[in-house]
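As given, the protein sequences belong to chains C and X, one line each in that order. Everything in the first sequence is counted per full-length UniProt numbering, starting at 1 for the first residue and increasing by one. Everything in the second sequence is counted per full-length UniProt numbering, starting at 1 for the first residue and increasing by one.
Possibly wrong hints are sitting among the right ones.
Intra- or inter-copy, both count: the list cannot distinguish identical chains.
[Said to hold, decoys possible] The list that follows gives simulated cross-link-like pairs (lysine to any residue, SDA-like), each with its CA atoms no further than 20 Å apart:
(1) K200 x M122
(2) K57 x K166
(3) K146 x D76
(4) K200 x R123
(5) K96 x T140
(6) K96 x I148
(7) K146 x M92
Worth flagging that the hints you see were computed from the coordinates, not collected in a lab.
So you can see what is in the structure, the chains are spelled out below.
Number of protein chains: 2
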Amino acid sequence: MDLHQIDQFAKGIIVEAGRRIRESFTYDMVVETKSDANDLVTNIDRETETFFIEKIKQFNSQHKVLGEEGMGEEIDSLEGPVWIIDPIDGTMNFVKQHRHFMISIGFFIDGVGKLGYIFDVMREDLFSAIEGEGAWYNDTPLRKLKPITIEEAVVGINASWVIPNKKVNHEKIIELVRKVRGTRSYGSAAMEIAFVVSGKLDAYISMRLSPWDIAGGTIIAKEVGAIATNLSGSDSNLLLNDTFIIANPSIHQLILDNYIEVK
Amino acid sequence: MDLHQIDQFAKGIIVEAGRRIRESFTYDMVVETKSDANDLVTNIDRETETFFIEKIKQFNSQHKVLGEEGMGEEIDSLEGPVWIIDPIDGTMNFVKQHRHFMISIGFFIDGVGKLGYIFDVMREDLFSAIEGEGAWYNDTPLRKLKPITIEEAVVGINASWVIPNKKVNHEKIIELVRKVRGTRSYGSAAMEIAFVVSGKLDAYISMRLSPWDIAGGTIIAKEVGAIATNLSGSDSNLLLNDTFIIANPSIHQLILDNYIEVK
């Protein structure tokens, strides 16, 4: 399989999907409620996923597609070539802010990440990677992350996980918030992952993410030396929801050892 | 005093300062430590403040200037025409992310806000207002904020205020985090204020801000109906550090009454 050919194809449909989404702001958006009020989904979200699936099936009908909106197949294994797609990561930002939402795509062969993409739709900024060949911010190669101390770190973490919750001991998270230089929260996992791989954040932690939130990002992470795991330190499960941390390699284990106590 | 003339002058120097800052990224930055590691200051920060002061004094030598970097006068009263300037709000973002930092400027006469500006330097996006005449996002008028419920609100608040702290009862803040639709934190007060006045956030709360963090924003706030006060509900003191909330008018008092307990 020619990865460079697939990479060119992927970039083409991502840029095209981004253009369609930006144009869609001229139309009214139909916003529906998915599982809860925090999980807005729009017609544009679903249309974009359908667009990706149609293009991929035209490209190669053997490729499977796992997508957030469930317009693709039911997938219970990562055997063969599999695309994992989030057409719009950060739906609330999309609806309310018209910015800070990402297209996130990972391409896997037999469960091994080959190509990763995070596209900031409004900025038209593409973070991408090819396994073993490196990562790029648009046409500029991304450098390996430089070592930092925990005291210098700026960490992406939402306030939901700093208060008492069912997933982790929040007292340890409070210690982390006190230790680091600062925290941020942008409301898009893919955006925060893109910030970590490009050194704009030093870690991003979430207690509940889905495969499509992280699939593209974990492939980019490897190429810059960022470490992405679940909060037990294992590889994230790409078929189920899981906890998640991506961090500069000099603080990944340190955060897990000292500040994360999974319930 | 012709406010429109001063407005044109202010926009001109803001755009020019932004251009100088963007160009400065081609040079190495000297980063020093101010009062603590959270408070980075760069040579560009100071150069930009000096640029503003020189331009303002050329424009009218009677105007006083209060600036974050202390390159202006010592000011103990807001009598007469006073500019309150933050050359770079979000210094850590500036250094680490090369985005998400703002120029924030307010122009006051005898303590009354007349002209307000928040400029996103990298996006070249200007939020501005003229007292009594309205507010703009670049050339587009900003609309009055529409009513929302607390459950629909997205609130800017940093994790530092969600954990035990000296300023407010954090247990009440935890209730707020649980009540609202979501929280965000961008690391620039002026950016979060700009998001509130344009409906991208519904409130922004901080327990410690300086006059230059809020001066420009509070003037824009009035024109769109956003309410900006300290956490006791009084007008913010523009000569001292103070607590701060800016919110959609339908939730400002509700947040103060139910979720804020100043220590």
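Original post:
What are the numbers of the hints that this structure violates, sorted from low to high?
Top reply: 2 and 3
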